[in-house]
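A.B. asks: With chain C's structure known, arrange chain B on it following the hints.
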Amino acid sequence: MVQPQSKTENSHYVLEAKNLEIYYGSFKAVTDVHMNVERNKITAIIGPSGCGKSTLLRAFNRMNELVSDSSIRGEILFQGQDLYASNVDPVVVRHRIGMVFQKPNPFPKSIYENIAWGARIHGYKGKMDELVEYSLRQAALWDEVKDKLNQSGLALSGGQQQRLCIARALAVQPEVILMDEPASALDPIATLKIEELMQELKKNYTIVIVTHNMQQAARASDYTAMMMLSKDGERSGTVIEFDETKHIFTNPKDKRTEDYVTGRFG
Amino acid sequence: MSELNNTQPPQMEFSDDLRRRNLSGRIWMVVFRLSTVVGIIALVTLLLNIINQSAGYVHYEAKVDPDTLRVDGIPLEEQSKEQLMSVLQNNLSSGAYNKLDRDKPFAERDRGEVYDLVFDRVVKYKVEETWLLWDSLTHSREIKASVPTEQSGTELKFVVWANWDFLRRQQSSDPVLAGVRTAILGSLWTISITILAAFPLGVMAAIYLEEYAADNWINRIIRTNINNLAGVPSIIYGILGLAIFVRVLEPFTSGTLFGITDPTTANGRTIMSAGLTLALLVLPLIIINSQEAIRAVPGSLRNASYGIGATKWQTVWSHVLPNAMPGILTGTILAVSRAIGETAPLVVIGASTVIFFDPENPFSKFTTLPIQIYQWTSRPQDEFRFLAAAAIIVLLAILLTLNATAIFLRNRFSRRY
Numbered sequence: 317m318v319q320p321q322s323k324t325e326n327s328h329y330v331l332e333a334k335n336l337e338i339y340y341g342s343f344k345a346v347t348d349v350h351m352n353v354e355r356n357k358i359t360a361i362i363g364p365s366g367c368g369k370s371t372l373l374r375a376f377n378r379m380n381e382l383v384s385d386s387s388i389r390g391e392i393l394f395q396g397q398d399l400y401a402s403n404v405d406p407v408v409v410r411h412r413i414g415m416v417f418q419k420p421n422p423f424p425k426s427i428y429e430n431i432a433w434g435a436r437i438h439g440y441k442g443k444m445d446e447l448v449e450y451s452l453r454q455a456a457l458w459d460e461v462k463d464k465l466n467q468s469g470l471a472l473s474g475g476q477q478q479r480l481c482i483a484r485a486l487a488v489q490p491e492v493i494l495m496d497e498p499a500s501a502l503d504p505i506a507t508l509k510i511e512e513l514m515q516e517l518k519k520n521y522t523i524v525i526v527t528h529n530m531q532q533a534a535r536a537s538d539y540t541a542m543m544m545l546s547k548d549g550e551r552s553g554t555v556i557e558f559d560e561t562k563h564i565f566t567n568p569k570d571k572r573t574e575d576y577v578t579g580r581f582g
Numbered sequence: 034m035s036e037l038n039n040t041q042p043p044q045m046e047f048s049d050d051l052r053r054r055n056l057s058g059r060i061w062m063v064v065f066r067l068s069t070v071v072g073i074i075a076l077v078t079l080l081l082n083i084i085n086q087s088a089g090y091v092h093y094e095a096k097v098d099p100d101t102l103r104v105d106g107i108p109l110e111e112q113s114k115e116q117l118m119s120v121l122q123n124n125l126s127s128g129a130y131n132k133l134d135r136d137k138p139f140a141e142r143d144r145g146e147v148y149d150l151v152f153d154r155v156v157k158y159k160v161e162e163t164w165l166l167w168d169s170l171t172h173s174r175e176i177k178a179s180v181p182t183e184q185s186g187t188e189l190k191f192v193v194w195a196n197w198d199f200l201r202r203q204q205s206s207d208p209v210l211a212g213v214r215t216a217i218l219g220s221l222w223t224i225s226i227t228i229l230a231a232f233p234l235g236v237m238a239a240i241y242l243e244e245y246a247a248d249n250w251i252n253r254i255i256r257t258n259i260n261n262l263a264g265v266p267s268i269i270y271g272i273l274g275l276a277i278f279v280r281v282l283e284p285f286t287s288g289t290l291f292g293i294t295d296p297t298t299a300n301g302r303t304i305m306s307a308g309l310t311l312a313l314l315v316l317p318l319i320i321i322n323s324q325e326a327i328r329a330v331p332g333s334l335r336n337a338s339y340g341i342g343a344t345k346w347q348t349v350w351s352h353v354l355p356n357a358m359p360g361i362l363t364g365t366i367l368a369v370s371r372a373i374g375e376t377a378p379l380v381v382i383g384a385s386t387v388i389f390f391d392p393e394n395p396f397s398k399f400t401t402l403p404i405q406i407y408q409w410t411s412r413p414q415d416e417f418r419f420l421a422a423a424a425i426i427v428l429l430a431i432l433l434t435l436n437a438t439a440i441f442l443r444n445r446f447s448r449r450y
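Line by line, the protein sequences are chains C and B. By my numbering, the letter at position 31 of the first sequence is numbered 347, and the numbering carries on one by one without gaps. By my numbering, the letter at position 135 of the second sequence is numbered 168, and the numbering carries on one by one without gaps.
Keep in mind that the hints were calculated from the coordinates and are not lab data. Please note that a few of the clues may not be correct.
[Claimed, not checked] Derived BS3-like pairs: lysine-lysine, alpha-carbon spacing no greater than 27 Å straight-line:
id : chain 1 : residue 1 : chain 2 : residue 2
1  : C       : Lys334    : C       : Lys562
2  : C       : Lys419    : B       : Lys345
3  : B       : Lys137    : C       : Lys425
4  : C       : Lys519    : C       : Lys509
[Stated by the list, open to error] Label pairs and their calculated CB-CB ranges:
id : chain 1 : residue 1 : chain 2 : residue 2 : range
5  : B       : Pro43     : C       : Ser500    : 35 to 41 Å
6  : C       : Gln531    : B       : Ser333    : 24 to 30 Å
7  : C       : Gln531    : B       : Ser68     : 52 to 58 Å
8  : C       : Arg535    : B       : Thr257    : 49 to 55 Å
9  : B       : Ser333    : C       : Asn335    : 28 to 34 Å
10 : B       : Ile254    : C       : Gly341    : 31 to 37 Å
11 : B       : Leu221    : C       : Asp385    : 36 to 42 Å
12 : C       : Pro504    : B       : Asn258    : 51 to 57 Å
13 : B       : Leu429    : C       : Lys464    : 42 to 48 Å
14 : B       : Ile254    : C       : Ala471    : 55 to 61 Å
The model shown is predicted, which means the values in this text are computed figures rather than measured ones. The C-beta atom is built at its ideal place from N, Cα and C for all residues, glycine as well.
Chain C extracted, bound-state conformation (with noise of 0.2 Å):
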C-alpha cells in the first residue's frame, strides 16, 4: 500500500478525507468532514475544545481504534490508496503516518534507545548510530544531547523531550506528521523551538497539527481547518471551513470561523 499504484489527478494530496464520520460505539464524534492534506505543507487544525480534532487526527493514522469500539465511516486516502480498506495493516499505517502527542511522552530508557527502538522494530539495517545523530540533528536536538546520549530521556526539559519524540518520529521516515497539540504543555520559547523546526520540516515531510492556539495556527500553518459541533444541540463536531490559512484568518467566509478567529466566540 505503500506507493500510489496509479497517478491520480489528485496525487499531490498525500492524505483526503471524505465524507469522514467517526464513532464511538454509537456516539457519532465528528461527522461529514471533507478536507484534503497537501505534500509538504502544513495543515492546521483548529476550534473550540470538544469538537472533534484530536478524533479526527487520530483518525489519519489509525491511532483511534486503540480506543475499543471506535469506527469509521467515508474513506481516507493515503496517496489515493484507503487507509482503512481491509488488506491494510495499522501497523504500516502507523509506520508511515507518525504522530507526536500533547504530553512529551519519551520512552523511559536512554535518548539513544527512544530514536533507535522505533528504527529497530522497523529492521532497519543501516547504522544506527548515524541515523541517531541524523534524526536527532532533523529535530534540532543533537546540540543538546550530544554528550548525553546514554542519559534518560525523561532527564530532558518538556521542550527537549517533545523535540524527542519529534527525532523518535523521524527516525522510522515517516511521510506524515501528525502532531496533537504538540505545544500546549510548553513554555513560549520552547513553544517557539517547535515552530520553527516544524518549517524546517516541511521541507521533507507533510505535517497535520491540532491547536488550540490560533495565533500558532495563523503564524505556522499554511492551511487551517475550522472545526465546530455541527449544529446547536448536537455533539458531533465536522470542519465547517478549509481553506488557505490567511483566507481563513483574514477572510473567512463562515460567520462561526470569524467570530472564532476574532476571539468574539462564547
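C.D. replies: Chain B in isolation, oriented as in the chain C frame:
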C-alpha cells in the same frame, strides 16, 4: 447580569461554629490514632509473646554424667573422634553400636557427628524444667537457687531456642535435639515449585486479560471470578489439591512417571503436590496484582509505541512489561509470602508432621515450617512450645526477608514517567 440583579439574593448568614468543626475534627483524629494504637499493641504483644517463649533458663538432667565419661582425664569436649567412639562403644550395647555403624559407617562420620551421638545416645540430657525469658531475667537468682547445679549431671543453661543448632538439626522427638532443617528445606522446595508454576502462568494470564481480551461479557465474568477465587478459603484449595494432584495425577506427583521409585514417597503426597496446590492458591492473587501493575502503565507510553508503528506484541514486550515489572514482582512476592505461611491446604494434602530425612527432590515426602509449628504446639510438653516459638521466629525471618526483597526489587526497577 441583569437576571442576577432582578433575583432576590438568598439569606447570607453563616453560623460561626468553627470551634465545633475543629472539635469534631480533633475527636476523629483521636479515634483514628486509637485504632492505630490498638493494632500496634496487638503486634507488639504477639512479638513479645513469641520472644518470651523463645529463650530462657533450662534445667537439664543428664542420664549419664558427662564427667564420668572422661577418657584418661580428658573431658568430652576435647576428646578426639576415636576417643569419642570408644566412649560410645563402652556405653552402648554392641547391637546398638553396630546399628549406628550400619546406618552410616563411623569412618564416614566426622568428629562433630560422633560428638552429637555421644550426647544423643549416652549422656541423654533431659529437660527437667524450663522458664520463660521474662522469668529468667527477673527471677534468675531464685531459679539458680532452685536448681542443684553442684550435683553432677545437673545443668542450668540459658538457652536461646532459635540458635544455629536449631536451624541445622533435623526433627527429633527429643526437644533438646530437635531442629527445623527438614522443615526449612521443605518450605523452600515447596515455595520454589509454587513460584515456578504460578509466576509465569499468572503473568501470562494477566497480560492476556489486560492487553488482548476483548471487553465482552465472557471476559468480564472471568475477571470477576478471578477476584472471587482470591477469596476462597485455603482449605478448599487443599481439597482440590488432594483430589487432583495427590490422587488423579499421582503418577506425576509421586515421580513414578520419571522413574523415581522411592517407597517412602507414599502415593503423591509430595513436595510437587504441595507446590502445585499452593500455586493454585496464589495464582488469582498474582493475576490480580499483575493486572493492576499492567493497568498502571500510562497510556501515553502505549501511544508512543503504537505511534511509531509498533505491533501489540512489541509494545507489550518492550514497554508495558518492563514498566509493570516492579508491580508484578511486588505482588508476586506478597502472594508467595502468603503461600509460605499456609498450613491448612498442606494438612489436607497430607504433609508429614514428623519426618527424619531431608527432602531431596520434588517427589520427596516433606514437612514445612507452619506444619512443624502446628505439630509442636499441639504437644503437651512446655519445651515443644518453646521450639514452636523459635520456629515462628525462623518463619518470620524468612517472610521479612521476602518482603525486603520485594521492596528492593520495586525500588530497583521502578522508573518515573
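A.B. asks: Would you mind marking each hint as holding or not holding in the structure?
C.D. replies: Verification of the supplied hints:
Between C/Lys334 and C/Lys562 the alpha-carbon distance is near 24 Å, which keeps this suggested pair within the 27 Å criterion. With a C-alpha separation of about 22 Å, the suggested pairing of C/Lys419 with B/Lys345 holds against the 27 Å cut-off. Proposed proximity of B/Lys137 and C/Lys425 is contradicted: the alpha carbons are some 59 Å apart, above 27 Å. For a cut-off of 27 Å, the pair hint linking C/Lys519 to C/Lys509 stands: about 16 Å separates their Cα positions.
Here the CB-CB span from B/Pro43 to C/Ser500 is close to 40 Å, well matched to the stated 35 to 41 Å. Hint check: C/Gln531 to B/Ser333, Cβ distance near 26 Å, so the stated range 24 to 30 Å holds. Between C/Gln531 and B/Ser68 the beta carbons are some 57 Å apart, a value that agrees with the proposed interval 52 to 58 Å. Distance hint check for C/Arg535 and B/Thr257: the Cβ-Cβ separation is about 53 Å, which falls inside the suggested range of 49 to 55 Å.
Taking the beta carbon of each, B/Ser333 and C/Asn335 are about 32 Å apart, inside 28 to 34 Å as hinted. Distance hint check: the CB atoms of B/Ile254 and C/Gly341 are about 21 Å apart, inconsistent with the given range 31 to 37 Å. In this structure, B/Leu221 and C/Asp385 break the distance hint of 36 to 42 Å, their C-beta atoms being roughly 49 Å apart. For C/Pro504 paired with B/Asn258, a C-beta distance near 54 Å keeps the hint of 51 to 57 Å intact.
For the hinted restraint 42 to 48 Å between B/Leu429 and C/Lys464, the CB-CB distance of approximately 46 Å keeps it satisfied. A beta carbon spacing of about 45 Å between B/Ile254 and C/Ala471 contradicts the range 55 to 61 Å that was offered as a hint.
In summary, the numbered hints that this structure violates are 3, 10, 11 and 14.
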